[in-house]
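Line order of the protein sequences matches chains A and B. Everything in the first sequence is counted per our numbering, starting at 26 for the first residue and increasing by one. Everything in the second sequence is counted per our numbering, starting at 926 for the first residue and increasing by one.
Keep in mind that a hint or two might mislead.
Now the stretches of chain A that chain B is said to cover, found in silico as 3 or more residues with beta-carbon under 8 angstroms [stated by the list, open to error]:
hint : region
1    : 501–507
2    : 542–551
Computed far set for chain A versus chain B, every beta-carbon distance over 10 angstroms [what the hints assert, rightly or not]:
hint : residue
3    : Leu174
4    : Ser178
5    : Asp225
6    : Ile261
7    : Arg275
8    : Ala351
9    : Phe418
10   : Pro439
11   : Phe448
12   : Ala453
13   : Val466
14   : Leu470
15   : Tyr539
A few chain A residues facing chain B, derived, Cβ under 8 angstroms [as the list claims (entries may be wrong)]:
hint : residue
16   : Gln175
17   : Ala179
18   : Thr467
Hints listed in this document are in silico derivations from the structure and should not be mistaken for laboratory results. Don't be surprised by glycine CBs; every beta carbon is placed ideally from N, CA and C.
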Amino acid sequence: MAGLVAALWVGLDAPALSRILATPGIGLSVASSLWTGSIATACALLLAHLAIALAVSGNWQRRLNAMTLPLLAMPHLAIGIGLALVLAPSGVLLRVFSPWATGFELPPDWLIVNDPAGLSLLVGLVLKETGFLVMALGAALGQVPSARLQMQSATLGYGPLKSWLTTVAPALQQQIRLPLAAVFVFGISNVEMAIPLGPDLPPTFSVLLWRWFTDPDPTIHAQAYAGTLLLFVLGIAAIVAAAVLGRLVRRLLRISAESGTRRHTERPVRRLIGIVLAAGFTLGLLSIVAIGLRAFSGQWRFPTLLPDRSSLDVWTDVAALSASVAGTTLALAAATALLGVALVLPAAEGCKQSANTRRQVGAWLFLPLLLPQMTFLFGVQVLLIRLRIDGTFVAVLWSHLIFALPYLWGLLAPARAAIDPRFDQVAATLGASPGRRWLTVTAPLLARPTLLALALAASVSVALYLPTLFAGAGRIATAASEAAAAAGSGNLRLAAAHAILLAVIPLCIFAIAYIAGAMLFRQRRGVPR
Amino acid sequence: MMALDIKNLSLRINGSALFAPLSLRVEPGTVTSVIGASGAGKSSLLNYLCGILPPEISAEGSVRLGSEDLSELPPQSRGLGRLFQDPLLFPHLDVAGNLLFGLRAGNSRRVRRERVAAALASVGLDGFAERDPATLSGGQQARVALLRVLLAEPRALLLDEPFRSLDDDNRRLVRELVFAEAKQRELPTLLVTHDQEDVIAAGGAVIRLQTPRQRDTANA
Chain A
26 MAGLVAALWV
36 GLDAPALSRI
46 LATPGIGLSV
56 ASSLWTGSIA
66 TACALLLAHL
76 AIALAVSGNW
86 QRRLNAMTLP
96 LLAMPHLAIG
106 IGLALVLAPS
116 GVLLRVFSPW
126 ATGFELPPDW
136 LIVNDPAGLS
146 LLVGLVLKET
156 GFLVMALGAA
166 LGQVPSARLQ
176 MQSATLGYGP
186 LKSWLTTVAP
196 ALQQQIRLPL
206 AAVFVFGISN
216 VEMAIPLGPD
226 LPPTFSVLLW
236 RWFTDPDPTI
246 HAQAYAGTLL
256 LFVLGIAAIV
266 AAAVLGRLVR
276 RLLRISAESG
286 TRRHTERPVR
296 RLIGIVLAAG
306 FTLGLLSIVA
316 IGLRAFSGQW
326 RFPTLLPDRS
336 SLDVWTDVAA
346 LSASVAGTTL
356 ALAAATALLG
366 VALVLPAAEG
376 CKQSANTRRQ
386 VGAWLFLPLL
396 LPQMTFLFGV
406 QVLLIRLRID
416 GTFVAVLWSH
426 LIFALPYLWG
436 LLAPARAAID
446 PRFDQVAATL
456 GASPGRRWLT
466 VTAPLLARPT
476 LLALALAASV
486 SVALYLPTLF
496 AGAGRIATAA
506 SEAAAAAGSG
516 NLRLAAAHAI
526 LLAVIPLCIF
536 AIAYIAGAML
546 FRQRRGVPR
Chain B
926 MMALDIKNLS
936 LRINGSALFA
946 PLSLRVEPGT
956 VTSVIGASGA
966 GKSSLLNYLC
976 GILPPEISAE
986 GSVRLGSEDL
996 SELPPQSRGL
1006 GRLFQDPLLF
1016 PHLDVAGNLL
1026 FGLRAGNSRR
1036 VRRERVAAAL
1046 ASVGLDGFAE
1056 RDPATLSGGQ
1066 QARVALLRVL
1076 LAEPRALLLD
1086 EPFRSLDDDN
1096 RRLVRELVFA
1106 EAKQRELPTL
1116 LVTHDQEDVI
1126 AAGGAVIRLQ
1136 TPRQRDTANA
């Protein structure tokens, strides 16, 4: 909260604001931010609903979760850089079809990545946010009797898609308002995807701000400060607009529900959706592969699909830097995860009985995710400078915690509340003291969710770029900050080298957590997952 | 063993009494049944006795075991064994682990294991020590839950409809087992139930919990 107030205070600077408005192309910048953010959010939401609807009615929800997990674990920056490598005129996608289908012997002179309309940025955002929303919807599914609603509709003659959209989706939508708003604000204000994929000349508004912030000329910084205020206003306006639009969509759905129309077969529609989802998933996987290929390749003549020879050239440049970067990244991730869990577990213990308190705490913790990161972080930076701890490891750790806590809470608080309180009472009547009860009964039952929470917090920390940049005052280098800097300067090869770290660390962390969780209590069916 | 003595107990939720002030005495080796409609406060009564009453319910009155006042003791120091409606075996421990949790501390690991094995054998569950509780049948789980309580050497037994989730045959078997153990160990036993057969099998005094309003209409 204090961060927000501080940002508003410093940002209210009339001359700087008027200089922003005088910047050439500013209108286009703002427009492309709004356009990419809102279209991407709408597409991702629709796709996520359709994907869940198909998966639930086709009984492959587990497979859907397994499919979205790698996309979820992958930071925005890594997907963005990977996608740039796939979609570029010299990228993997065209290589697959060249020269046999396209006839290209040289990369065509197309502006696909960084296209002025922001289409590639759109694709990137949709890819990543669909995964996130699928997860959010999946979590909300437990609160809605979707199976019974669908069965009821089926007996009334409705296909699974229509019954989902008219009966289940509205109820689910209520549950995911906060995550959806976070996705929307992120879509408008992100730099992680807009740097490698977004339009150039003019860039999106957030990238413009980012360039001002990282400009060596301090006179430009005042513009950046004031810009965060404008970004904040854009975010609020967007959320209000989305709320209004949401009402409209609800009304349309109701009209559709009350019209009584039924399709005889939904198969063509279902097939189309299936193809779109599969294409998106393949694109995501390709971009992960592309990072690996690019990072390890030397020369890579155009139409060949695989690099001519693998090369460690780039690594000799990067290795010296990379070791310390990887070290800092891992240390931050570990510290964020451990400290975060250590904070959240006792709090979850205190809120185990009141679902209301849990919701309120969750909403407060979620607040930073509803603000444009730059606005919030700029305010935090002002505070950190006051406290004279900006640019330290502790400051960065604190900023990472702010962004990890909402996820930790969302995972651990319900997990703690779901443990039957009578286990604790049984242990008490058997003579166990409160401390022993927690250690021998509660803690083991929480072990699996805690493992997952540790992995989640660590991967959130690895992915964070702007918090590291702001709280670290540019002095703390992580894989994310190095990859963003490289991508910003147009050096995709160097960016890929750092993006490898960015991609591999979360995947490894999740793999370890998954395997450890499976090993733990392998012989005990009754232990909660 | 000593008698369980409840004096002038009333439980209030938001100021309104759950039942009329209650006094009762359970002699060692006897089973007193408590019956009453759902919501009459039967489970709350047991929660009060165990010391695990939720904060929104306030209590007045006292509970003694012999001459010892239990009201101010923390739950783990009261020495009251309680069987819940469900077996509630700890899912992360095997059967032996559950029983070892209940068994009083002391003795070597080997002796403790032997005691657990003997206890299992005494209820026809020999060889179940390393089983996952989730793979046991309802009747088997109920017997393990009973052993877990008994191994903690309670000074009284509190039974909260522990036979309800069992099928007819198992219900009879487990009920007989529980009452036989209670009698043999001379434990004062309080049974909360809906089931008329339970009450008959218990063979002791019967207390009907009534909301104060019900009592008023009964008196009128």
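Need the list of violated hint numbers for this structure, in ascending order.
Result: hints 1, 11, 12, 13, 14, 16, 17 and 18 break, sorted rising.
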